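If you're matching them up, the sequences are chains A and B in order.
Quick note: this note's numbering has the first sequence finishing at residue 454, numbered continuously throughout.
Quick note: this note's numbering has the second sequence finishing at residue 454, numbered continuously throughout.
Honestly, the hints are just simulated from the structure, not real lab data.
Here the structure is a predicted model, which means the values were calculated and not measured.
Take the hints with a grain of salt, since some may be wrong.
[What the hints assert, rightly or not] Computed from the model, here is a short list of chain A residues facing chain B with C-beta under 8 Å: (1) F14; (2) A19; (3) E38; (4) D40; (5) I253; (6) K255; (7) I259; (8) P261; (9) N322; (10) T381; (11) R383; (12) D385; (13) H387.
[What the hints assert, rightly or not] Simulated coverage check for chain A against chain B, where a stretch passes if three residues somewhere in it have a Cβ under 8 Å from a Cβ of chain B: (14) 49 to 57; (15) 87 to 97; (16) 132 to 141; (17) 173 to 186; (18) 351 to 358; (19) 413 to 419; (20) 430 to 444.
C-beta atoms are modelled at their ideal positions from N, C-alpha and C, and glycine is treated no differently.
2 protein chains.
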Amino acid sequence: MEEKILELIEQRKFSVLKAMLSDMNAADIALIFEEIDEKDIPVVFRILPKELAADVFVEMDSDMQQLLIEAFSDKELREVMDELFMDDTVDIIDEMPATVAKRILKQTDANTRRMINQLLAYPDDSAGSIMTTEYIDLKKDMTVDMAFDRIRKIGFDTETIYACYVTDNSRKLLGIVSLKDLLLNPKDEVISNIMNENVIFVNTLDDKEKVANDFEKYDLLAMPVVDKENRLVGIVTVDDAIDVMKEEVTEDIEKMAAILPSEHSYFKTGVFETFKARIPWLLLLMISATFTGAIISGFEEKLTIYAGLIAFIPMLMDTGGNSGSQASVTVIRSISLGDIEFSDILRVLWKEIRVAFCCSICLAAVNAIKLFLVDYLMLKTFRGDPHAFAEIGIVCLTLFCTVIVAKIVGCSLPILAKKLGFDPAVMASPLITTIVDAISLIIYFSFASAILGA
Amino acid sequence: MEEKILELIEQRKFSVLKAMLSDMNAADIALIFEEIDEKDIPVVFRILPKELAADVFVEMDSDMQQLLIEAFSDKELREVMDELFMDDTVDIIDEMPATVAKRILKQTDANTRRMINQLLAYPDDSAGSIMTTEYIDLKKDMTVDMAFDRIRKIGFDTETIYACYVTDNSRKLLGIVSLKDLLLNPKDEVISNIMNENVIFVNTLDDKEKVANDFEKYDLLAMPVVDKENRLVGIVTVDDAIDVMKEEVTEDIEKMAAILPSEHSYFKTGVFETFKARIPWLLLLMISATFTGAIISGFEEKLTIYAGLIAFIPMLMDTGGNSGSQASVTVIRSISLGDIEFSDILRVLWKEIRVAFCCSICLAAVNAIKLFLVDYLMLKTFRGDPHAFAEIGIVCLTLFCTVIVAKIVGCSLPILAKKLGFDPAVMASPLITTIVDAISLIIYFSFASAILGA
Chain A
1 MEEKILELIE
11 QRKFSVLKAM
21 LSDMNAADIA
31 LIFEEIDEKD
41 IPVVFRILPK
51 ELAADVFVEM
61 DSDMQQLLIE
71 AFSDKELREV
81 MDELFMDDTV
91 DIIDEMPATV
101 AKRILKQTDA
111 NTRRMINQLL
121 AYPDDSAGSI
131 MTTEYIDLKK
141 DMTVDMAFDR
151 IRKIGFDTET
161 IYACYVTDNS
171 RKLLGIVSLK
181 DLLLNPKDEV
191 ISNIMNENVI
201 FVNTLDDKEK
211 VANDFEKYDL
221 LAMPVVDKEN
231 RLVGIVTVDD
241 AIDVMKEEVT
251 EDIEKMAAIL
261 PSEHSYFKTG
271 VFETFKARIP
281 WLLLLMISAT
291 FTGAIISGFE
301 EKLTIYAGLI
311 AFIPMLMDTG
321 GNSGSQASVT
331 VIRSISLGDI
341 EFSDILRVLW
351 KEIRVAFCCS
361 ICLAAVNAIK
371 LFLVDYLMLK
381 TFRGDPHAFA
391 EIGIVCLTLF
401 CTVIVAKIVG
411 CSLPILAKKL
421 GFDPAVMASP
431 LITTIVDAIS
441 LIIYFSFASA
451 ILGA
Chain B
1 MEEKILELIE
11 QRKFSVLKAM
21 LSDMNAADIA
31 LIFEEIDEKD
41 IPVVFRILPK
51 ELAADVFVEM
61 DSDMQQLLIE
71 AFSDKELREV
81 MDELFMDDTV
91 DIIDEMPATV
101 AKRILKQTDA
111 NTRRMINQLL
121 AYPDDSAGSI
131 MTTEYIDLKK
141 DMTVDMAFDR
151 IRKIGFDTET
161 IYACYVTDNS
171 RKLLGIVSLK
181 DLLLNPKDEV
191 ISNIMNENVI
201 FVNTLDDKEK
211 VANDFEKYDL
221 LAMPVVDKEN
231 RLVGIVTVDD
241 AIDVMKEEVT
251 EDIEKMAAIL
261 PSEHSYFKTG
271 VFETFKARIP
281 WLLLLMISAT
291 FTGAIISGFE
301 EKLTIYAGLI
311 AFIPMLMDTG
321 GNSGSQASVT
331 VIRSISLGDI
341 EFSDILRVLW
351 KEIRVAFCCS
361 ICLAAVNAIK
371 LFLVDYLMLK
381 TFRGDPHAFA
391 EIGIVCLTLF
401 CTVIVAKIVG
411 CSLPILAKKL
421 GFDPAVMASP
431 LITTIVDAIS
441 LIIYFSFASA
451 ILGA
């Protein structure tokens with residue numbers, strides 16, 4: 001398909017191309033544009049039917065949008081912008097350099113311009129920043145038939161007509177009627193009799209993550225957004241909520257891997273930008289690991305005597321780190337799904353301690369068997385070591401205690417972080433690993449001192 | 001709110017309670033049921049209005065559903081089941097023990113029972129397993145007015161009426177009409193003129209993750225599902241697609257933390273079940289870390305001479321591990337978002353090498369400065385060590401090389417895993433850490449041997 005289209009462009013067979021593209025989906029066409037030679041992009045874009053062109057435009061990334069806007073005449077620009085929904089227009093302007101943004105705004109009428117500027121002013125992570133201002137509003141004394149007339153009149157320009165909002169004269173939200181309710185009720189029924197007054201809504205300044213979670217919880221198709229005076233100012237549609245979910249998950253996963261969240265997709269993020277997102281945590285964790293080094297230094301002299309102990313350091317550190325990050329990642333995900341709250345901390349601890357106990361018994365046992373059978377009997381790596389059994393004991397005891405401590409630290413830090421207003425996702429593997437490393441070495445050397453004699 | 005309700009139950013004020021619950025949302029009521037005393041649950045459930053009761057039932061977890069089903073009379077059970085959509089019924093039956101499932105099936109008519117059994121047979125991760133069989137089907141020679149009649153007739157029992165599907169007499173899918181199209185077109189317009197023939201659909205056996213991704217890509221509200229003969233057999237609605245997205249993300253995050261995916265939420269998963277999900281990777285990684293230990297053992301004698309080198313092992317291992325997991329997690333997420341494919345491997349490598357170069361220069365420089373200023377000059381930890389500068393050089397060189405190798409390993413393993421048909425998420429932090437640990441020690445000891453003399 002894609003090759004065929006690129007071939008048609010090459011051969012300048014635009015009428016065949018037009019027929020082909022007209023049958024395709026906007027999202028798929030936008031993907032194909034990424035493969036088209038830069039100089040051909042405006043030409044190919046111009047052969048798309050007007051409405052499809054606008055849909056394709058919305059699906060493109062901001063670099064390509066800018067390229068097109070710069071190639072557009074003022075008339076073309078106005079035509080594309082006229083087809084867009086308000087939230088998409090705002091998103092596009094938000095991504096453009098100031099001069100391009102100004103040119104777009106110049107093509108809109110005063111009313112739209114005021115609306116756009118208002119939407120641009122909402123904080124980046126707020127409900128206001130993802131809402132659109134085009135929705136169906138009804139009055140409570142309308143009949144179903146009157147409601148249908150209104151939908152037919154303004155429905156072309158609203159992103160969804162499936163949820164209709166009933167407001168009073170000061171735009172206060174009174175209730176919600178779904179198009180399904182309208183359709184399944186008699187034509188002369190009055191809206192106030194069929195509207196649902198128990199409306200789920202958000203405030204313009206609410207976190208957009210909360211909005212996305214509510215979509216999932218209540219199975220919504222659209223969510224009304226009200227201002228401080230409880231006046232309806234816009235709606236968020238489910239497709240935008242899904243985009244927020246996706247972004248938030250990516251952000252959480254990045255934070256869990258000690259990366260500062262980035263705005264763009266992998267290849268759209270420059271090398272230096274990626275570097276800047278990764279280096280702060282790497283530096284911080286490198287410096288923190290110095291403490292672990294200091295713990296080893298403090299035990300250095302004894303390590304030169306019991307050199308066999310050094311070889312177990314990576315295994316103890318890694319197993320502790322893995323155990324801790326299993327607990328922390330599970331808890332972080334459960335917090336973001338709303339399954340765990342601060343009040344659950346004791347229940348979480350009690351569960352993790354029991355899980356940790358099972359894990360540590362199992363790990364210590366397997367390790368003891370492996371050290372005895374494989375290392376001691378088969379490979380004879382302990383040959384001539386008079387402390388062989390003491391060392392095996394120390395390693396297994398340390399493993400046992402480290403896993404339990406790691407799980408406790410791993411499950412409690414994210415919950416505490418959340419309580420203190422930090423992002424729990426930051427308390428994931430890397431930070432937990434650094435903390436658990438230090439703890440496991442302290443445990444290891446304490447057992448070594450106690451058993452082998454200080 | 002919640003306390004008030006629990007108080008009303010305590011005081012047996014059921015009529016006040018009924019009025020209060022009737023105004024609430026099903027998802028919120030289901031959450032409150034979790035707090036109600038087990039013996040009161042059937043009583044409180046019975047005071048809910050019939051339709052709301054069914055909605056609340058769907059939102060409950062399977063333990064509570066089972067408790068209620070066991071308390072229901074056959075008549076009550078039939079009433080609740082009659083209100084449910086097919087996909088919810090199937091989900092519930094799927095979670096119940098065999099005897100309960102049989103009892104539910106006995107309350108349904110032969111036709112429904114056949115349908116349920118058919119849906120139960122689809123593999124767990126297939127589109128068929130999440131679809132519902134109740135949708136609006138139209139014929140292409142109907143007028144808009146006839147379509148509305150049909151929607152009014154069967155709309156009560158379908159999960160969505162906003163997407164209508166046009167089929168021929170053998171149920172082959174011909175096109176799709178949205179309710180918006182129907183409403184904004186004249187009443188005597190024929191469906192075949194307004195239907196969109198470029199339908200996005202999936203096969204019953206397609207992976208449900210693909211279905212969820214398509215919802216996001218094409219901004220859909222519902223997706224038709226066809227069988228091998230291209231006959232329409234059901235639809236997936238956006239709320240179910242969102243649930244799949246959520247599950248898949250949780251599964252990915254768990255895999256990245258070396259946990260086998262679990263089916264239930266945190267507190268619903270038993271201690272032993274959690275143990276079973278965590279222990280396999282812990283064991284595997286513990287055994288793998290033995291190789292790292294073996295590398296240290298091989299260098300043991302020299303380490304007793306240059307004991308100062310031991311203290312840097314945790315820092316080198318951790319920084320390598322963190323650098324590698326940053327790259328691997330970024331790449332894993334980009335693969336699951338569809339931003340990176342196997343053919344991109346060279347582009348990814350080229351980007352990661354440049355990022356790694358920036359990171360390693362920066363880390364090595366900071367480390368050199370810190371070791372010289374803080375450790376050498378201020379703390380004088382190298383006091384009396386004739387090899388102080390050589391050791392600082394070895395540590396910084398190792399850091400430099402380890403970070404580069406870690407990023408290369410971290411970014412390429414997930415892509416290779418995907419190519420070989422494994423889940424890339426498994427190639428996340430823990431496995432990368434273990435691999436990078438070994439590599440970083442080999443680099444470290446090689447530099448040490450070369451510079452300090454073998």
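Taking the hints in turn, this is what the structure says about them:
1. Checking A/F14 against chain B by beta carbon gives a least distance of about 20 Å; that is not within 8 Å, so the hint is violated.
2. With a least beta-carbon distance of about 12 Å to chain B, the hint placing A/A19 at the interface is violated under the 8 Å criterion.
3. Taken as an interface hint, A/E38 does not check out: its beta carbon lies about 18 Å from the nearest beta carbon of chain B, beyond 8 Å.
4. Because the beta carbon of A/D40 sits about 22 Å from the nearest beta carbon in chain B, more than 8 Å, this interface hint is broken.
5. Nearest Cβ of chain B to the Cβ of A/I253: about 5 Å, under the 8 Å cut. The hint holds.
6. Contact between A/K255 and chain B, as hinted, is not supported at the beta carbon level, the nearest pair being about 10 Å apart and thus beyond 8 Å.
7. Restraint check, A/I259 versus chain B: the minimum CB separation of about 5 Å is within 8 Å; hint holds.
8. Of the supplied interface hints, the one on A/P261 is violated, with its beta-carbon coming no nearer than about 11 Å to a beta-carbon of chain B, more than 8 Å.
9. Here the hint on A/N322 is kept, as its CB sits about 5 Å from the closest CB of chain B, short of 8 Å.
10. A distance limit of 8 Å between C-beta atoms decides the matter here; for A/T381 the minimum to chain B is near 7 Å, and the interface restraint holds.
11. Interface hint at A/R383: violated, since its Cβ lies 12 Å from the closest Cβ of chain B, which is beyond the 8 Å cut-off.
12. Look at A/D385: its Cβ only gets to about 11 Å from chain B, farther than 8 Å, so that hint breaks.
13. A distance limit of 8 Å between C-beta atoms decides the matter here; for A/H387 the minimum to chain B is near 15 Å, and the interface restraint is violated.
14. By the rule of at least three residues with a Cβ nearer than 8 Å to a Cβ of chain B, the coverage given for the region 49 to 57 of chain A is violated, with 0 such residues.
15. For the region 87 to 97 of chain A, the stated coverage by chain B is violated: 0 residues have a C-beta nearer than 8 Å to a C-beta of that chain, whereas at least 3 were required.
16. Evaluation of the coverage hint for the region 132 to 141 of chain A: breached, as 0 residues show C-beta separations to chain B shorter than 8 Å, against a requirement of three.
17. For the region 173 to 186 of chain A, the assignment as covered by chain B holds, since 4 residues bring a beta-carbon within under 8 Å of that chain's beta-carbons and 3 suffice.
18. For the region 351 to 358 of chain A, the proposed coverage by chain B is satisfied: 4 residues have a C-beta within less than 8 Å of a C-beta in that chain, meeting the threshold of three.
19. Counting residues of the region 413 to 419 of chain A whose CB lies closer than 8 Å to any CB of chain B gives 0, which falls below the minimum of 3, so the coverage claim is violated.
20. A count of 5 residues in the region 430 to 444 of chain A with a Cβ less than 8 Å from any Cβ of chain B is obtained; the coverage claim is therefore met, three being the minimum.
Of the numbered hints listed earlier, those contradicted by the structure are 1, 2, 3, 4, 6, 8, 11, 12, 13, 14, 15, 16 and 19.
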